[in-house]
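Chain by chain, the residues:
Protein chains: 2
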Amino acid sequence: MPETKPDDKAPWITYRPELKVLDCTVRDGGLVNSHQFSDEFVRAVYDACVKAGIDYMEIGYKNSKKTFPAGKFGPWRHCDEADLKRVVGDHDAERTGLKLAAMADAGKSDWQTDIVPAADSPLSMIRVAFYAHQLSEAVAMIRHAAELGYETTANLMSVSTLADDEIDTVLAAVAETPASTMVIVDSFGHLYREQVDKLYRTYTQALEGTGKEIGIHAHNNMQLAFANTIEAIILGCNRVDATMFGFGRGAGNCHTELLLGFLRNPKFDLRPIIDVIQHHIVPLRRDIEWGPLLPYNLTGALNQHPRAAIEWREGEQRDDFLAFYDKVVAEI
Amino acid sequence: MPETKPDDKAPWITYRPELKVLDCTVRDGGLVNSHQFSDEFVRAVYDACVKAGIDYMEIGYKNSKKTFPAGKFGPWRHCDEADLKRVVGDHDAERTGLKLAAMADAGKSDWQTDIVPAADSPLSMIRVAFYAHQLSEAVAMIRHAAELGYETTANLMSVSTLADDEIDTVLAAVAETPASTMVIVDSFGHLYREQVDKLYRTYTQALEGTGKEIGIHAHNNMQLAFANTIEAIILGCNRVDATMFGFGRGAGNCHTELLLGFLRNPKFDLRPIIDVIQHHIVPLRRDIEWGPLLPYNLTGALNQHPRAAIEWREGEQRDDFLAFYDKVVAEI
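Quick mapping for you: the protein sequence lines, in order, are chains A and B.
Its first residue numbered 1, the first sequence is counted upward by one per residue in the numbering used here.
Its first residue numbered 1001, the second sequence is counted upward by one per residue in the numbering used here.
Treat the hints with caution; some may be incorrect.
Simulated pairs of lysine-lysine, DSS-like, Cα-Cα distance not exceeding 30 Å [said to hold, decoys possible]:
{"#": "1", "chain 1": "B", "residue 1": "1072", "chain 2": "B", "residue 2": "1108"}
{"#": "2", "chain 1": "B", "residue 1": "1198", "chain 2": "A", "residue 2": "198"}
{"#": "3", "chain 1": "A", "residue 1": "5", "chain 2": "A", "residue 2": "267"}
{"#": "4", "chain 1": "B", "residue 1": "1198", "chain 2": "A", "residue 2": "20"}
{"#": "5", "chain 1": "A", "residue 1": "327", "chain 2": "B", "residue 2": "1267"}
{"#": "6", "chain 1": "B", "residue 1": "1085", "chain 2": "B", "residue 2": "1198"}
{"#": "7", "chain 1": "A", "residue 1": "9", "chain 2": "B", "residue 2": "1198"}
{"#": "8", "chain 1": "A", "residue 1": "65", "chain 2": "A", "residue 2": "85"}
{"#": "9", "chain 1": "A", "residue 1": "9", "chain 2": "B", "residue 2": "1009"}
{"#": "10", "chain 1": "B", "residue 1": "1327", "chain 2": "A", "residue 2": "267"}
{"#": "11", "chain 1": "A", "residue 1": "327", "chain 2": "B", "residue 2": "1020"}
{"#": "12", "chain 1": "B", "residue 1": "1327", "chain 2": "A", "residue 2": "20"}
{"#": "13", "chain 1": "B", "residue 1": "1020", "chain 2": "A", "residue 2": "198"}
{"#": "14", "chain 1": "A", "residue 1": "267", "chain 2": "A", "residue 2": "9"}
{"#": "15", "chain 1": "A", "residue 1": "198", "chain 2": "B", "residue 2": "1005"}
{"#": "16", "chain 1": "A", "residue 1": "51", "chain 2": "B", "residue 2": "1327"}
{"#": "17", "chain 1": "B", "residue 1": "1198", "chain 2": "A", "residue 2": "267"}
{"#": "18", "chain 1": "B", "residue 1": "1020", "chain 2": "B", "residue 2": "1108"}
{"#": "19", "chain 1": "A", "residue 1": "66", "chain 2": "A", "residue 2": "51"}
Which stretches of chain B does chain A cover? Using the computed rule of at least three CB atoms under 8 Å from a CB of chain A, they are [unchecked claim]:
{"#": "20", "segment": "1068-1079"}
{"#": "21", "segment": "1184-1197"}
{"#": "22", "segment": "1258-1266"}
{"#": "23", "segment": "1319-1328"}
I should point out that these hints are in silico values taken from the structure, not numbers from a laboratory.
The beta-carbon is built from N, C-alpha and C at its ideal position, and this holds for glycine as well.
With the hints as extra help, turn the sequences into a complete structure.
Okay, here's the thing in structure tokens:
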């Protein structure tokens, strides 16, 4: 088997079978359009994931209907069981090779009431997203979802803004949870290669002996989402996130099609991804903007939330890059 | 001085003063429009390079007028002294901090007759571009230009298609020349991080003791041009190429504005680059296409010349990514 070995002379043409790809097109992309996707769209992404050999599809959020009212937000903000079943039917993770995941945010989810036992849901995994100061709730959420039978992950967001001590404290707490995976989340698309390396080392050292995997969720503000994902893979990350055509809020994400072009596990098939991009994602791009545009380059380099850049692109001065540059530099 | 030291804990916020940036916007971008730029455009790029603290500006090719007839090709395909002087006047490399460079291709240049002594030209550097089989001519070109008083570089193109022995043979020959720099040129935008590492090691070992610098010229077919340039910098490359807004043939290049956002030498100023992008490069983008579009992702991943993708984007099926995928997969 051409599996990657430590002394590989050309590791870029071998593979690790344990590396799993999670496609979060619907979950992350939905932040752009309040998760107002047609069932047809979500089913097309689902079918493409199955055909392409993707390991996990994150189909939406398990977020609160109080904070995100139904109607104003589409069904993939809540992932009600009825909506899931309408679109994926009797989903069989075993037969399809695809597991379904949903994300629950600390502070934005009624997780005590909204998550049904895994045995009653097509979902296999709950990913818990949280900021450092929400650590205690996140740990409770992970434990709760694990008790309900889900695989769980811990997604510490905006890690580029945290002090080393804060990261250490989070990792020590996550180490004690049943989470299968701790994800490096570069919310601002700010990390350069050496910072990915440092975080990977920190995460692995803190979680040594726990059996937990390290994941990566990169944003493309500086055209580094794919590169940082490759870097994490080379270091040993076995859980990697991507979205088709990079669809996602602001600068978007690591492109699933680029990632599958890099991975050498023959189980992956790029063609269904190209197909769904052409017939379902490109049409969205006509009305919705995303990608590593210049304003995102700047907020990424400055380690800022892309909010200001997103708002700029919605305003009348949207193409005045220089005025945006002057604004962000003045406001630092 | 916050210069990078071997034991730096956060090398991404320090810098190496010896790292030099070469902007090849006009030279590489001109491949898209046969170098038919207005004088105003070239002067705007020149002014931006001076103001931004760029070290070298590659202003065009020194190519043969037999192969590339004047009129059909603009002045920056030939870089006649009269054209240079009309645009950059009495260019003073010392005062401006900017050196001017031109590229001469083996097989496409009348270098024996077309290059005047450096003392009579605003150009300071001749970069010799060649394929491996043109090694002998390239060595003669480097020697000739060096004798005329130019700094010279050796740019071995399409390195991702060469056997290790071929690369070794080129490096052994270049080691004996007066070239200041040997450039890793990823013409097909195919290199992944580990391949950049391998090439950097090979180049440095072969050139050890010669005092030569290693350079990097990356293409953006897989959204890796900036990332591979960062990688090369981390390894020790001190000569890096970029173009404003990534302007260049096909998928384009490492973006100058992303690169300056990463470099910490306070001599660099990003603002003039944003300015010229907004007022001179973005307007070009309305008529000319470049960037890491899906067809380039595919040729890059397959280690193919982007020619097929460029032609596809000029044809009626330009948006039929799936048909392009099927074509390139069938033709492998």
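Results for each hint:
A distance of roughly 16 Å separates the Cα atoms of residue 1072(B) and residue 1108(B); the hinted pair therefore holds under the 30 Å criterion. Distance restraint check for residue 1198(B) and residue 198(A): the Cα-Cα separation of roughly 22 Å lies within the 30 Å cut-off, and the hinted pair is therefore satisfied. Between the alpha carbons of residue 5(A) and residue 267(A) the distance comes to roughly 19 Å, so the proposed pair stays at or under 30 Å and holds. Annotation: proposed proximity of residue 1198(B) to residue 20(A) holds, straight-line Cα distance about 26 Å (limit 30 Å).
With a C-alpha separation of about 21 Å, the suggested pairing of residue 327(A) with residue 1267(B) holds against the 30 Å cut-off. For the hint linking residue 1085(B) to residue 1198(B), the alpha-carbon distance of about 41 Å lies beyond 30 Å, and the restraint is violated. For the given pair, residue 9(A) sits about 9 Å from residue 1198(B) by alpha-carbon distance, which is consistent with the 30 Å threshold. In summary, the hint linking residue 65(A) to residue 85(A) is supported, as the alpha carbons are separated by about 19 Å, within the 30 Å threshold.
Straight-line distance between C-alpha atoms of residue 9(A) and residue 1009(B) comes to about 29 Å, which keeps the hinted pair within the 30 Å bound. Our distance criterion of 30 Å between C-alpha atoms is met by residue 1327(B) and residue 267(A), whose separation comes to about 21 Å. Taking the CA atoms of residue 327(A) and residue 1020(B), the gap is about 29 Å. The hint holds against a cut of 30 Å. For the suggested pair residue 1327(B) and residue 20(A), the alpha carbons sit about 29 Å apart, so the restraint of at most 30 Å is met.
Between residue 1020(B) and residue 198(A) the CA atoms are separated by roughly 26 Å; this keeps the pair inside 30 Å, and the hint holds. Of the supplied pair hints, the one linking residue 267(A) and residue 9(A) holds, its CA atoms being roughly 23 Å apart against a limit of 30 Å. Restraint check: the Cα-Cα separation between residue 198(A) and residue 1005(B) comes to about 17 Å, which is no more than 30 Å; the hinted pair holds. With a CA separation close to 20 Å, the supplied pair residue 51(A) and residue 1327(B) stays within the 30 Å bound.
The suggested pairing of residue 1198(B) with residue 267(A) holds, with an alpha-carbon distance near 28 Å, which does not exceed 30 Å. Taking the CA atoms of residue 1020(B) and residue 1108(B), the gap is near 27 Å; set against the 30 Å cutoff, the hint holds. For the hint linking residue 66(A) to residue 51(A), the alpha-carbon distance of about 36 Å lies beyond 30 Å, and the restraint is violated. As drawn, the segment 1068-1079 of chain B meets chain A at 0 residues by the rule of a beta-carbon pair under 8 Å; below three, the given contact is violated.
For a cut-off of 8 Å, the count of residues in the segment 1184-1197 of chain B with a CB near a CB of chain A stands at 4, and the three-residue condition holds. Counting residues of the segment 1258-1266 of chain B whose C-beta lies closer than 8 Å to any C-beta of chain A gives 3; at least three are required, and the coverage claim holds. Proximity of the segment 1319-1328 of chain B to chain A, defined as three or more residues with a beta carbon under 8 Å from a beta carbon of that chain, is established by the 6 residues found.
The earlier numbered hints that this structure contradicts are 6, 19, 20.
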